[in-house]
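Undergrad: Letter by letter, the chains look like this.
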Amino acid sequence: MDKRSASRLTVILLMAPLVVWLAAFIILPHVDMFMLSLREKVAPRVYTTSFANYGEFFGEPLYWITLARTTIMSVAATVLTLLIGFPIAYYIAKIARGKTKNVLFLFCLLPFWVSELVRTFGWMILLRETGIISNVLQWLGLVDGPVEMLYNDVTVMVGLVYTSMLFMVVPLVSTLDSLDDSYIEAGYDLGGNGFTVMREVVIPHAMPGIVSGCIVVFMLTLGNYLTPILLGGKDSLWFTGQIYTQFITRFNWELGAAFGFLLLAVSSIMVWAGLKLSRQTLSSTLAEG
Amino acid sequence: MKSFKKTLLGSAVAVFALAAGSVSAQAETLRLLTWGGYAPEKVIEMFKAETGIDVEVTKSNNEDMISKLRATGGSGFDLAQPSQDRVTGAQYEFEIYKPIDLSKIDTDKFIPSMLAATKKNTTLEGKVYGLPHIWGTSGLVLDTKKASMVKDYTDLCSPELAGKVSYRLKRPTLIGFAYAMGLDPFAAYGDIAKYQEIMNKVQDKLIDCKSNVKAYWSGGDALMNLIRSGEVVAAMAWDTGGWKLNKELADVTFVAPKSGALGWIDTFALPKKTKAEDAAYKWINFVMQPKVAAMITDAAGNFTAAKGADEYVNADLKTRFQKSFSQADIDNVKWYPPVPAGLEEIEGKVLDKVQAASSD
Chain A
0 MDKRSASRLT VILLMAPLVV WLAAFIILPH VDMFMLSLRE KVAPRVYTTS
50 FANYGEFFGE PLYWITLART TIMSVAATVL TLLIGFPIAY YIAKIARGKT
100 KNVLFLFCLL PFWVSELVRT FGWMILLRET GIISNVLQWL GLVDGPVEML
150 YNDVTVMVGL VYTSMLFMVV PLVSTLDSLD DSYIEAGYDL GGNGFTVMRE
200 VVIPHAMPGI VSGCIVVFML TLGNYLTPIL LGGKDSLWFT GQIYTQFITR
250 FNWELGAAFG FLLLAVSSIM VWAGLKLSRQ TLSSTLAEG
Chain B
0 MKSFKKTLLG SAVAVFALAA GSVSAQAETL RLLTWGGYAP EKVIEMFKAE
50 TGIDVEVTKS NNEDMISKLR ATGGSGFDLA QPSQDRVTGA QYEFEIYKPI
100 DLSKIDTDKF IPSMLAATKK NTTLEGKVYG LPHIWGTSGL VLDTKKASMV
150 KDYTDLCSPE LAGKVSYRLK RPTLIGFAYA MGLDPFAAYG DIAKYQEIMN
200 KVQDKLIDCK SNVKAYWSGG DALMNLIRSG EVVAAMAWDT GGWKLNKELA
250 DVTFVAPKSG ALGWIDTFAL PKKTKAEDAA YKWINFVMQP KVAAMITDAA
300 GNFTAAKGAD EYVNADLKTR FQKSFSQADI DNVKWYPPVP AGLEEIEGKV
350 LDKVQAASSD
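Residue numbers (numbering that gives the first Met the number 0), protein chains in the order written: chain A, 0 to 288; chain B, 0 to 359.
Bound conformation, chain A alone (with noise of 0.2 Å):
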């Protein structure tokens, strides 16, 4: 065996374990969920193969709507944890200094500590009607009775932006601090006011981090189960937990399937598309996220 065959053995050695976890955690698992959902019931026992589930979820508006409705709030939650998390950002990463940095850093992180679910329960004992806000409130003499914060778009909003901020926060701290401060004095220098410097300079640099966080948050946020589900009670309507309920409560494992691939869908067009509109590429990002 010469020099260069064994290290390609190597490489395939080294890679061996990679494929074989990617061919059977993901790739398997996904042509096995497709195969699932061009399979249709016609009556019990009997099944064959159709696109009936995808036209049972395009003639049923209530689907499509909450499909559109979880898209809609993902992008409105990953644009409201943008525009809170860049100035924690830009704070962190260029005015804060030595032990500030990273104390600052350590509070973004530490929500994360706990579970998702410890975490939404901590949302539910503030905001509940006999919860902590709502008692303060009354004892301040600010309102007359009770009142109940939870079970609303708002909070579900509350939520997802608080669960999605360190997904945000830590892409955007890396790039920033890539960027040396001199440009932003330059551009000082150069005649530019706070904004034109922010445009100009900042945020042209950041948008590989922008555009990261961007894709995670909004991942996240979109396949997220448990803080719409428990945040927003009786009106909640969350696309994951309509998959959810077709796989465990209706046992209707064929829609249920082709529901998660038009999930799927979505998030990779709009994946996409953002990538498209920011002029970024995917490996970019990346690599500087």
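These are calculated hints, taken from the structure and not from any lab test.
In this text, all values refer to a predicted model and were calculated from it rather than measured experimentally.
Backbone N, C-alpha and C fix where the C-beta goes; we use that ideal spot for every residue, glycine too.
What you were told as hints is all true, and nothing was included just to trick you.
Facing chain A, according to a computed beta carbon distance under 10 Å, are these residues of chain B, among others: (1) S66; (2) K209; (3) A355.
Using 27 Å as the maximum straight-line C-alpha spacing, the simulated DSSO-like pairs for lysine-lysine come out as follows: (4) B/K204 to B/K333; (5) B/K145 to B/K246; (6) B/K333 to B/K150; (7) B/K126 to A/K40; (8) B/K193 to A/K40; (9) B/K169 to A/K233.
Simulated restraints, written as ranges between beta carbons of each label pair: (10) B/E159 to A/E59: 32 to 42 Å; (11) A/I25 to B/N199: 36 to 46 Å; (12) B/E159 to A/F111: 37 to 47 Å; (13) B/T318 to A/L109: 47 to 57 Å; (14) A/R68 to B/D203: 21 to 31 Å; (15) B/A48 to A/G144: 49 to 59 Å.
Here the structure of chain A is known, so what remains is to put chain B in place on it, guided by the hints.
TA: What follows is chain B alone, placed relative to chain A:
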């Protein structure tokens, strides 16, 4: 020398096999897929002391049981406890159960009328798939001081209770509301078009009623918390939840609705690929002994199909039961008949639409 080595190897193998055999015999376990409270720790300990079999409990509900068994083709558990109305439909569609060998059961330990009813309801193609274990009802749980005007499910929608009501977004709610609206869903089980029509009416009612609802409860504990905190004063719920709350809050109790409480019976059913079938039969015979059955009643709050167990149930629970149910209420209980294939899809869509509707 060679033969010596062989013997050595052979005996080593034998020892290993023996050890493995005894280990597996020692650690025989019964994997039970059941509801909360149906297998109390004390009963499991007594069972182990008597038979040497360990019991591993997985808590679940009807839909989850069917989904789990369907996903594995009926393996992973040795005994399951779905409600009797959900056995034949699931068996017909997914083939997840195994017929029960009645000769291995002490049938005289069961209340004969319940055994006969469940056998009839869980028979598919001449084979019995379920035996009755625990039964109970769903009806209304009320704070009698604040929601005394609630006599039936539809009263939950009255305007004075706005925002203070809870029920589950599941099929019992659809059935209960249908009865309270003067419709007869069970009679329409055989007629899909008729059933659809009934469900459409219920759907409109539930969408109308949505602004009254605080939250749709999904687990017994969540509902208990809502009522304890006073956020909810009237709910459609299981009888045992009402009785448990009654112990803490004298005003809260279970009330049988005017149109009739809905009666369910949870069964014993054998998953198709059960590995410890004998242990499963032993468990069934064990828990149907009157004294053991009474212990389960104390833990679960519901009565069992074991003959003579009533005697051993604590008096407290019996009084609460009698307060909630007059003889007329008991006669008026609507027992769930087996759900024919296809109905659950209609119901599913109705539930989705109610969930999706805006509440104002």
